[in-house]
Structure formats: C-alpha cells, structure tokens
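Please put together the full structure from these sequences, using the hints given.
The listed protein sequences correspond, in order, to chains H, G, W and B.
Residue numbering for the first sequence follows UniProt numbering, starting at 1 and increasing by one per position.
Residue numbering for the second sequence follows UniProt numbering, starting at 1 and increasing by one per position.
Residue numbering for the third sequence follows UniProt numbering, starting at 1 and increasing by one per position.
Residue numbering for the fourth sequence follows UniProt numbering, starting at 1 and increasing by one per position.
In case anyone wonders, no lab produced these hints; they're calculated from the structure.
The C-beta atom is built at its ideal place from N, Cα and C for all residues, glycine as well.
Every clue listed holds true.
Across the chosen pairs, the derived CB separations fall in these ranges:
no., chain 1, residue 1, chain 2, residue 2, range
1, G, 171, H, 189, 28 to 36 Å
2, H, 189, B, 73, 50 to 58 Å
3, B, 104, W, 215, 28 to 36 Å
4, W, 116, B, 62, 40 to 48 Å
5, G, 248, W, 284, 30 to 38 Å
6, G, 82, W, 216, 56 to 64 Å
7, W, 216, H, 117, 36 to 44 Å
8, H, 156, B, 104, 42 to 50 Å
There are 4 protein chains.
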Amino acid sequence: MVTGKTTQDMSKRAQTPLQLSFYRVIFGTETRAGKWFDIILIMVILASVMVIMLDSIHEYHINYGVLFLQIEWAFTLMFTAEYLIRLWCSDNRKGYAISVYGIVDLLALMPTYLSLLLPQAAPLLIIRVLRILRIFRVLRLLALLDEANDLARALHNSTRKIFVFFSMMILMATIFGCLIYVIEGPEHGFNSIPHSIYWAIVTITTVGYGDVVPMTPMGQVLSAVGMLMGYAVIAVPTGIVTAELTLAQRLHKERAIRAARNCTTCAHVESDPEAVYCRHCGSSLPAPGHQPEDEA
Amino acid sequence: MVTGKTTQDMSKRAQTPLQLSFYRVIFGTETRAGKWFDIILIMVILASVMVIMLDSIHEYHINYGVLFLQIEWAFTLMFTAEYLIRLWCSDNRKGYAISVYGIVDLLALMPTYLSLLLPQAAPLLIIRVLRILRIFRVLRLLALLDEANDLARALHNSTRKIFVFFSMMILMATIFGCLIYVIEGPEHGFNSIPHSIYWAIVTITTVGYGDVVPMTPMGQVLSAVGMLMGYAVIAVPTGIVTAELTLAQRLHKERAIRAARNCTTCAHVESDPEAVYCRHCGSSLPAPGHQPEDEA
Amino acid sequence: MVTGKTTQDMSKRAQTPLQLSFYRVIFGTETRAGKWFDIILIMVILASVMVIMLDSIHEYHINYGVLFLQIEWAFTLMFTAEYLIRLWCSDNRKGYAISVYGIVDLLALMPTYLSLLLPQAAPLLIIRVLRILRIFRVLRLLALLDEANDLARALHNSTRKIFVFFSMMILMATIFGCLIYVIEGPEHGFNSIPHSIYWAIVTITTVGYGDVVPMTPMGQVLSAVGMLMGYAVIAVPTGIVTAELTLAQRLHKERAIRAARNCTTCAHVESDPEAVYCRHCGSSLPAPGHQPEDEA
Amino acid sequence: MVTGKTTQDMSKRAQTPLQLSFYRVIFGTETRAGKWFDIILIMVILASVMVIMLDSIHEYHINYGVLFLQIEWAFTLMFTAEYLIRLWCSDNRKGYAISVYGIVDLLALMPTYLSLLLPQAAPLLIIRVLRILRIFRVLRLLALLDEANDLARALHNSTRKIFVFFSMMILMATIFGCLIYVIEGPEHGFNSIPHSIYWAIVTITTVGYGDVVPMTPMGQVLSAVGMLMGYAVIAVPTGIVTAELTLAQRLHKERAIRAARNCTTCAHVESDPEAVYCRHCGSSLPAPGHQPEDEA
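Right, here's the structure in full:
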C-alpha cells in the first residue's frame, strides 16, 4: 500500500536499462517474466515457511535439525539477494526501504543472521522468537492479494462502528466476568477477575473451551444469558458489514446511472450503455463517455 | 441519555460564572479543556478498574494488597471530588443526581466507604460484591460512546422481534433439554431438567463447553439435530438486524430525495444537490434548501 | 394456527349467553377480562413448569417431593377445569378438540392421571417420560406469540432452500466423518462411522465439545478444513433469510407505491399519502384510498 | 453437471426403442416411472449407506458382520446392474462413463469387488478405506438436488472473494498460532507451530474443543483477541453471500423492468405485466412479450 504512494510522491531516480528490465520483472506483474517471478516467489516463501514449521516439531528437529538449518541458510541467502536486487533496481531506493513491504522483507532476513550473534547459551525464548519472526514472511503474500485491499477498505469504512462494537463486547464481557466471579468464585476455578473476563469472552463469542465452566445453578443461568446474548449480538457486525457491502453495490450502480447519456434532441436520459438511438424520440444518441454540457 | 432530557425538562438553576466555566469543562465536550477532561477521566476510570482487577489476583493481593488499598482510596477521593463538583456546578442538581449516570457515579463511590463500616469478620461474599461493584465504573464510559446510542436505537426498533426470538430459543432449549433428560438421564450427567436445559442452550448457541456430552447414540442424534438447528437459526437475528440497518439506509436516502428541488420553469425534479441548471429545460434552479410552495 | 381455520370452515354451534361470555374471556383477547385471563394462564403455566423442573432436581425431590406432588395435582385439576370449560363454551367443540392447541391441552393433562394407573414398580423411563410430557405445556405459550407466526412464515417461504441446505450439511458431515474415521480410527476415539459423523457435525457447526478430538496431524488438518468450511457456510442460511426479509420489506414498499393516487388533472403519480394538492399541476388530489378507473 | 454438457457437445448415438424407454426411466424425471425410479434409487442408496454405517459399529460387526456382507453383495450386484444398464441405454456411452456421476457410480462399485482381491492379511487401513469409499454413493444424491446447483452457482460467483477470505483466515491463524507458540510453548501443550496453528483455527472459527487451552495470562489475552476477531470476521463471508443473493434478486427485478412495454401512443413505460391500457394516455397497450422496435 505504502510502496505505490511513496514512489509517486518522491522524486524518481533515473534507472539504467538493466535496472529497468529487472524492475519490470521484480516489481511489475504485467510481463510474462514478472508473473512467473511472482509465482516462484510465492512458492519459495511457502517452502521456507513449511521448513520453519517442520523444524518446530520436536522429533523432526532432532532428526533433521541440521538439514533444516542448511535449507534455512539457502533460503536466507536467496531472500537477501532478492532484497539487494530490489534495492538496486528500484526507482526510489529509500521509498522501498521504508515501505511496509520493504520492512517486512528486511525483518524476514534478520533473524537468521542474528542467530549467528547469539551466545551458545541464549535464553530459549529469544531463540524461539527469532525462529518465529521468520514466519512473518507470509505477510509478503498480502501484497499479491488485490481483493484483500477491497475487504480492508470495506472494513476501514466501518472502523468507528467496529471500534464501538468491540468496546461494547469488552464492556459486556467485563460485566459478565465480574458477576460470575462473585457467583462462582475461586473455589470453582474462577481465580480472578481477569480470568473470569477471559471466561466471559470464551463464552460470549461461543468458543466454549470448557476448561472453566460454571458449577452453581446461578452461574449456569448467568452463562446461559451470556451465551444467548453473544449468539444474538453476532448479528450486529454482520449487519454492519452487509449494509456496507450493499451500499457499495448501490453506489456502484448509481455511478453507472450518472454515466448515462442525455439525448441531444429530447433530453431523455439513457442509462443503457449499449443503446444507439434514443428510446424516447428515436434520434441517434451521443457516444458513451461523451459528457453533455449541462452535466457536472 | 436521561441527563440531557431532565436538564431540559426541569427549570434550570442560575449558575455563577465560576460554576458555568466548571460546567463547560466537566459536562461539555466542545471546549479544548472539556475534551481533555473527558480523556483524563477515561484514563483514570480505566486505571482504577485495572487496580481492582489486579487486586483480585491472589498473589498480587497478598504482595501488594496494602498498596492497592491506598491507590483505591486515592481514586475514591478523586471520584468523590468529581461527583461533588458535578453536583455543585450542574444547572440542575436534582436532575443530575437522579439521572442514570449520576446514580452510576454515586454507586461507584459507595463500596469503598461502605467497606469502612464492615465488621472485621464480614462474610467473604459481601466483601467480594463490594469490591466488584466498583468495577461498574466502566459503565460511565458508555456516556462517551455516541455510536452506542445508534446501535441501541437499532436494537430498540427490533425489541419485539428480539423478544420473540429469545422466547423461541428458550422454548427450543426447553424441549431439547427435556428430551435429552429422558434419553440420557442422570446416569450420564444430565442430573435435572434445568441442568439439561442449560446443556441445550450451550449446544444450540454452538458454545459447546463439553462438560456434559451425550453418551448414547440416540442422545447424539438429538444433539446433532439441535446443533444444526442452532447453526441455522442464528440467521434469524442476523436477518432482522441487517434488514433494519438496510431500511435505515434507505430511509436516509429517501429523505435526501425529498430534499430535491423542483425547477421553477418546467417542474422537473432535481435530486442532485450540486446541479445549478435544470437538466430538462436549462433554466437556473433555485438554491438548495429553498423550498418551493407546493412542497410541504 | 389450526383453531382459527377449523372454526371458520365448520358450522358454528349456537352458544348460550353464558357460554358466549365465557368464550370471549377464554378464547378472545379483545376484552379486559380476556387479556387478564391470558396473563394469568401464562403465569400458571410457567409456575407449573417451574415445579416440574424443581422436582427433577434430586435433592428437592427427596425433601419436597410430596409437596410438589400436591401442587402438581392442584395444577392438573385447574388445567382440567380449564379444558372442560373450553370444550363447553367453544362454538365448535370438535374443532377445538382436534386442533393443535386442543391436543396440546389434553396431552398436558394426561400424564398426571396416567401416573395413578402405573404399577408401583413401573420402569424408571416411563415415569420420567410422563413427568416430562407435562412440561410441553409451555408449547401453549406459542399461541400467544403473534410474531412467531411471522417468523414461521418467513422460514416457510424458504423451506426448500433450508431443506437443501441441511441436506448439504449432512452430506458434508458424512464425508468429513468418513474421512476422519479412516484417518483417526477407533484407536483415537472415532469408534464408528455414525460416531464420526456426529463428531463432524459437532465440528462443522462450530459447537466443538472436545469429547473426541483428532490426534494425528492429518486428522487435525482435515478438521481445520471442516471448521473453516463450517465457519464460512453459515453465511448461506443467513444470506437466504436476510434476502427473504429484505424482499418482504421491498414488496411492502411496492404495495405502498401501488396505493399511490393519480392526479385527476395531469395524471401525475402521488405516493405521499399526506399530500393534498398535486405537486405537478396544483389541482387538488383525490382522497387517499380512492382508486382511479385505470388501476386494477 | 458435466453429464448434460457432454451429451450435448458429443455426437448422440442412435438408440433402439427399448434403450430409449430404459433411458427415459433411468436418466429422465419427466415420466411417472422415471420419478419412481429416482425415489427407489434414493431409498436403496440410503439403505446401503445405512448398512455400511452399522457395520462400522464394533458390536454390530461382531454379531451381524456376515449378514452385512451378504446385504452389501446384494446392493453391489444391484448397483452393478444399474451401472451396466445406464451404459447400455445411454445415448452417449463415453460421455456418461467419464462424467462426474458416471465416475462416482463406478467408484461406488469397485471397493466391494476389490475386497475379493485383497490378501487375508491386508493392512487394516486399506480395508477401512475400501469400506468407506462405498459410502461416497451418497454423492449421487447431489444430482437429484436441483437447488444445490443454484447455491453452487452463487458460491461460484464469489469464488475469488471466498479464496481471498480463506487465505486471510489462514494467514490470521498462522500469525496467532506463531504468537501463542512463542508465548505458551511446548510446556503448555503447544508442541509445534503446525499444532499451534491448528489451535488458532479451532479458536478463531469459535469451535473451541478445549483440548489445548492457553494457561498464561498473556496467552489468554492473545486468544481473547483472536476470539473477538474471529467472532467479528464471520461477518465478511455472510456479507459477501448476502450481497450476492440480494444482487441476484435485483437483477431478476431489473430483467422484469426491461420486459416492460412502451405505450405506442405516448411512449409511457408500463412495467405492470397485467396492465391493458396505458396509465398515462389511456390508449390500449401492446400485448406483453411484444417487443417495440427501439428495444434491443
């Protein structure tokens, strides 16, 4: 998202023909080579993510840990080369480097190199975090999903409503959590208010793990009320998103109507883009796209 | 909600200039100071709620209980001062005191003072209830969520349908609960009809704790039917809310069409608020907002 | 539902004035007494259901079983009297007796009398069934929910689609159940295909009891696919019901437009029921409800 | 689906009168015999599926295994006969054989015959797979569900959006799975990243088995966020499907408006198919279905 904007805003750098052809393949999707580059990149990202996942399984790590490390280094060198080529051939190096995807690209490289600097006895958590950070390479796939932007925009339009919805959900969970904490108490597994609020969220969202459940009749009545409310309240975000999407469709249609032509003889509005003659007076219509003077 | 209404209905009290400036800061949101007051108030409420939550965790209560008590007293004194200033500078003291938020403000103060009056050996439940009551301070945040009122109105319009929906859900749960009680019985954990109805609600709302599950094939068939019904029935509240929100959008649009202007020459209806000339006869249109005589 | 229809279709019986006044109170809801009768009846039904529920709790049955039995007999005699009075004052005795609510009324009485005929050592299941049958008295409340009929009609319009939806859900559950049975097998708790299908329904409807869960990686991948499909497929009934409700609204609106009046002077269509003069030519409009000749 | 297409595309074979009458009964649904054939076929398929299911229950397999095997052979011979007759009387043998339903028909026969070829000590898994494969006979019922095709088409129109939705769900589950793996780790049951992603899918889709649950406060906060997001995100597919279905309704309505007639005297558009006279000028309208020249 940010990439496109920054390259437009900042002054573009002159590219050599070689840089330009690399640029077209790596950043573009119009050419045949550009499409193949994208497809191969997706494959490589998924393969590298797969290796990290398999490495996290204990038995595989014991048996194939060394192999996985070698593969990981191969992938890291490939991604490093890709990152450097992207920087080299970009028409706006700084713009790419500070764009969202530029930072994701860099973050996906760092952990492997950082692991070299770690002392032998590094805390397990840090090793684990470094290993996992690499998996965020999958985020690079987002750039390839055009429609993700459409959905993101639809969600963005409803941001304030969604914020209010989540605020009310958390308020509801807080109240239910407090009530169940008073009713059931630590003796039935509701150890603290935060833990009870966690239980309330598990219940209201209809997840229902079942690790903590109400034991007393009063607690069961309360949680039944919470479940029914949660079950019904899901209608609210659905209604918001559906109304938003339906509105988008209607606006799209109205824009089509605004693109309608007026007959130059009788001023009849023709919204059918395929019509050639006015359906009111029979005189020939102006070609679509031609805007009469009395329209804005 | 009630605040605004009561202050309008009742006779307003004359305020001194000092009271008026305090009033603008505390009750209003238009001035810079008023906005900052609201933001600081939200922070303080959230902080005080956080302290109550942390105090409910056993280890923290043991280690920092005294500190939490001191912080709690500081918050209580602050809220007491705020409550008294609100009363003092309000243009309608009684109206504020009996309004929903006035009562919530008062209830949020009481428990701390009441805890002083409690005997040393007060029952655990009463202590717990008093502690929890303070957490309902979060309800004050509701006043700051404008859009919560919009959603509340949308739900209010569908009240009767929602009531019918919940009645049918409870009826459905009662029938499924009774059937499972007959089929599975106390020997499989379905101890009583109320407990079986609780299980039915857990199942139909798709929460599914798993603390009680059907063991017999018959019971599993019955619960599968209940799950599928519950899974499909969720469409009903969603449909109601979506239809309500879509209707609200359409009414909004129709109101816009009613605000359309008539051309004074040819009576053509112009709904585009940006049009300057009639698209039918070319004469200049009246300015938007000017209502022709033949409109209501 | 059937009551109203049968009484219209069949020949009505002549009622004495006393019968008629009883009829108005018991069957009607227009008079003050009729409304109070309904409210008291709801209270009595809910009270009797409450007693049956409490009696199903073991401790209460031990301690208050005799009291509950006496209360139950009091309720049964009351409902018997009500049933006989309904039969006596009805303008169509047979119609009432074979109507849905007539049968429900009778079925709600039978179990208590039947329990007298049971031998001392009756099987536990039969006793339990008889006790539970009485709880179906709550079904009588359905007659009092007008809007339940509206929802029932909306669902009725989509019957075929809902049937197809459930068929596909069961087909999907069958396929997922078979696959998981092959993958996990009896050694991980998936004892048989029917049990595996039950698990698949628990998973796809997002209930998720957790009594049987996949253990093998393959099984977890399969169930993850099932969950995501179930999570998305819920959109189908929601879309169907919402589209149905939106269509109902639109038809309602179109019916309103058809009720619009034509100006007798210039034939302009006026859909605003409050307009008095034609907004096109200024001549006075016909009164609403008056249909011009060229309309059907 | 494929059947209809291939028979049209390929050259039809000449059928003898006997073949034709068999064809009408087996492939057609217009004749009385054709309908009965379909109903009986559904019954037989459901019965054979029922037998396979019962055979998978251990006790029944021990007691009635031989009987089930005999019934299974009877069904297999029946389905073989049906398959051969279908091939014989089809007007396009190859087209049927390579159609979806032709392959399903064949696959439903194979396992029973293949079981004859299996050595006595065949691996349990293969025996189980063969047994289960036969259950996919239920897929043949799909051909009989007309509306399934409607729903399938509606889903097909949204394929790309649904693909994007699932991609984002899996991306979301990957990120939540990685975070919980770092926070909770193998010591709390989150053994590996794939297993943690499985947990994330179980949580986000609100299934919530409860076999693995977060133990640490941080993990519980993270999973609460995941639940709330999953709870809200379900609105997206619902919105997509609802908007798609609403659009289908609107297109249907617009097609009806396009079928409107123009008055030959005053060019007024009449969309009411039952109107006989123009509501604008009173001259008689052309009959419905007659298209004026200026329409496409």
